[in-house]
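Chemist: Model the placement of chain A on the given structure of chain L, informed by the hints.
Residue numbers (the numbering used here), protein chains in the order written: chain L, 49 to 379; chain A, 49 to 379.
Take these hints with a grain of salt, some might be off.
Simulated restraints on C-beta separations [stated by the list, open to error]:
#	chain 1	residue 1	chain 2	residue 2	range
1	A	372	L	258	35 to 45 Å
2	A	161	L	200	22 to 32 Å
3	A	365	L	257	52 to 62 Å
4	A	86	L	135	21 to 31 Å
5	A	149	L	150	30 to 40 Å
6	L	251	A	283	51 to 61 Å
7	A	342	L	210	31 to 41 Å
8	L	150	A	105	19 to 29 Å
9	L	343	A	105	34 to 44 Å
Some but not every residue of chain A turned toward chain L, in silico, with C-beta under 7 Å [said to hold, decoys possible]:
#	residue
10	109
11	126
12	331
Which chain A residues stay away from chain L? Per the calculated CB distances, all over 10 Å, these [said to hold, decoys possible]:
#	residue
13	57
14	81
15	250
16	309
17	361
18	371
To be clear, the hints were calculated from the coordinates, so they are not data collected in a lab. A quick note: this is a predicted structure, and the numbers were derived from the prediction, not measured. Idealized CB from N, CA, C, for every residue including glycine.
There are 2 protein chains.
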Amino acid sequence: MTTIKDVAARAGVSLGTASRVLSGSSQTSADSRSRVLAAAAELGYIANGPARSLRRSRTDVLGLLVSDIRNPFFSELAHAAEQEARHHGYTVLLANANEDAEQADAYLRTFASQRIDGLLFSPQGTVSPQLAATLASGLPLVFLNRMIEGVDAPLYGTDNAQGVEHVLAWLRQRGHRDVAFIGGPDTISTGAERRAAYLAGREKYGISTDERLLDAGDFLAGGAAEAMYRVIDRGAPFTAVFGANGLTTLGAVRALRERLGAERAARVEVVSFDDLDWFEFASPPISAVRNEASSIGRLGVRGLVDLLAGRAATGQRVATSFVDRSPKGVR
Amino acid sequence: MTTIKDVAARAGVSLGTASRVLSGSSQTSADSRSRVLAAAAELGYIANGPARSLRRSRTDVLGLLVSDIRNPFFSELAHAAEQEARHHGYTVLLANANEDAEQADAYLRTFASQRIDGLLFSPQGTVSPQLAATLASGLPLVFLNRMIEGVDAPLYGTDNAQGVEHVLAWLRQRGHRDVAFIGGPDTISTGAERRAAYLAGREKYGISTDERLLDAGDFLAGGAAEAMYRVIDRGAPFTAVFGANGLTTLGAVRALRERLGAERAARVEVVSFDDLDWFEFASPPISAVRNEASSIGRLGVRGLVDLLAGRAATGQRVATSFVDRSPKGVR
Chain L
49 MTTIKDVAAR AGVSLGTASR VLSGSSQTSA DSRSRVLAAA AELGYIANGP
99 ARSLRRSRTD VLGLLVSDIR NPFFSELAHA AEQEARHHGY TVLLANANED
149 AEQADAYLRT FASQRIDGLL FSPQGTVSPQ LAATLASGLP LVFLNRMIEG
199 VDAPLYGTDN AQGVEHVLAW LRQRGHRDVA FIGGPDTIST GAERRAAYLA
249 GREKYGISTD ERLLDAGDFL AGGAAEAMYR VIDRGAPFTA VFGANGLTTL
299 GAVRALRERL GAERAARVEV VSFDDLDWFE FASPPISAVR NEASSIGRLG
349 VRGLVDLLAG RAATGQRVAT SFVDRSPKGV R
Chain A
49 MTTIKDVAAR AGVSLGTASR VLSGSSQTSA DSRSRVLAAA AELGYIANGP
99 ARSLRRSRTD VLGLLVSDIR NPFFSELAHA AEQEARHHGY TVLLANANED
149 AEQADAYLRT FASQRIDGLL FSPQGTVSPQ LAATLASGLP LVFLNRMIEG
199 VDAPLYGTDN AQGVEHVLAW LRQRGHRDVA FIGGPDTIST GAERRAAYLA
249 GREKYGISTD ERLLDAGDFL AGGAAEAMYR VIDRGAPFTA VFGANGLTTL
299 GAVRALRERL GAERAARVEV VSFDDLDWFE FASPPISAVR NEASSIGRLG
349 VRGLVDLLAG RAATGQRVAT SFVDRSPKGV R
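Excised from the complex, chain L in its bound form (with noise of 0.2 Å):
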């Protein structure tokens, strides 16, 4: 295991300069504090339990940094984990990394400068020197949704190939065969896992294997009508499009009507992960995975309220359900 001592040696710092960094005191150079985040991130380092113990003055506020508020997934969860926060006795202050890794490390850094007692965290892609630091100072962290493989954190998060799982069997029951898939970025884990889920279950429910009509956005509406444009553009047809997560769905939905008319894209049904309000308002309405952000967020709280307490939290997979909004009948 790495220790603070292999983090000042890679930095070529002191001891203590190392340590004053990674606790996150105020009195250090800002070069030897790039070098000390740069260095711990690279090994990887990870507050061991007296580091843990470090526990700050408490101050009944917790972080959630999400990551992208404008996603109403993201903003249900929000409001449902400040909620339950208040039953605790917490108050929970949000910030939105929207969906860039920078951003979200600013956040990280103003969570640290801030008095916060514990951090709920809706991460962007992999460990960056500021989350090291966070991790670093023992910081009680619960991951939420999505995580970040080789960080000891605790996971409360939906279970994406249970969600997936459903919609493969919509798919067979609809009769289609020929769908589009706008999949989300890999580097998310929930985007990854969605991905995964889909391409591995595709034989098995009798879906065609084209990859020209695999195609993935940035979890936004922009992107994912992006992707939309391609898939038509490669000119393979489908009858049935699968969006990776509500706001992909938005955009793919905008993208067919533009490109083949309101009428054309009527006979395409779509299917989603995540609902949203107004899928049942949708021409043909829209199927979805029902993602349970309101669980997530308080789960995650409770999980949180756990660490805070000195108990264990060991993380919760939740289960999604399917709303099935197809016409009766046959296609």
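Modeler: Relative to the frame of chain L, chain A by itself:
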């Protein structure tokens, strides 16, 4: 003008105690704290120049307290505010009041105990003791989209009267006379302003003044659906519905479909204050006032940055545009 002496006298505490409470010191008893804050609120005490100059050390963090993070208007506003703040070297911590004045107060306390440089605030209603304390502490503050009568802080928000005028003109052009109006709470300035503009403009635009067609919810989908049910149950016929914000329109559309069935509901034209992602997909598509959430968020941050730099900030009403999605030709 009310002075700190008046507050101390009303609260029955010493001048020193009143001063400590109002400057946010923790060295005060819970009892004197609540008495001083209540007295400050009753007397409408606002800190004067010298008190305002009691600046804390700079943290480069702004607080943003929104009314409901699940309302897309506020999540878009929050996102824009945060991007603008980053241009100016600030990060933004978000808090969600969930349309609940008590919860808003809890967050004002959190921001008071945390260290922020200034506050962007979308308030729930009146001056609470905690808001009085926040104002008294001299924390630079701007209002976003909603304001409180009598509080001297710049407001950056929608021009509600101008937005409602768009709707009235559209209703007349579409030949509607019997229009159901689902408003928001009168205790929220946007709710009151939109309702007042609508009531005042009805006759000029040839719209029925039948009181049975007026109701109000809570600016959330659930309360709006209840209000829509009440209007339907009163039995006065209508050919159009005007929802006073985006979530109100969502609730109204749900209630229409639930009570009248999809086919009859589709014969009612719906128009909304706030334009939502899915309105283009509704049948028939929903026309809407485009409320410039992003501009408001950006302008609010610039105003707060001006205050922080010691410059004046005067507030601004932002004009709306109107998106007409009605089918071409006369109804």
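Chemist: Give a verdict on every hint.
Modeler: Now for the hints, and whether the structure bears them out:
1. 372(A) <-> 258(L): 35 to 45 Å: Given a distance of about 41 Å, which is inside 35 to 45 Å, the answer is holds.
2. 161(A) <-> 200(L): 22 to 32 Å: holds, 31 Å
3. 365(A) <-> 257(L): 52 to 62 Å: holds, 56 Å
4. 86(A) <-> 135(L): 21 to 31 Å: Between residue 86(A) and residue 135(L), where Cβ atoms are some 26 Å apart, the hint holds.
5. 149(A) <-> 150(L): 30 to 40 Å: 36 Å Cβ-Cβ, so the 30 to 40 Å window holds.
6. 251(L) <-> 283(A): 51 to 61 Å: holds, 58 Å
7. 342(A) <-> 210(L): 31 to 41 Å: With a Cβ separation near 37 Å, residue 342(A) and residue 210(L) satisfy 31 to 41 Å, so the hint holds.
8. 150(L) <-> 105(A): 19 to 29 Å: holds, 26 Å
9. 343(L) <-> 105(A): 34 to 44 Å: holds, 41 Å
10. 109: Given a least distance of 6 Å, the restraint on residue 109(A) holds.
11. 126: holds, 6 Å
12. 331: holds, 5 Å
13. 57: holds, 33 Å
14. 81: It holds; residue 81(A) is separated from chain L by about 16 Å at its closest Cβ, greater than 10 Å.
15. 250: holds, 28 Å
16. 309: Since the minimum Cβ distance to chain L is about 14 Å, residue 309(A) lies beyond 10 Å and the statement holds.
17. 361: holds, 24 Å
18. 371: holds, 15 Å
Violated hints are absent here; each numbered hint is respected by the structure.
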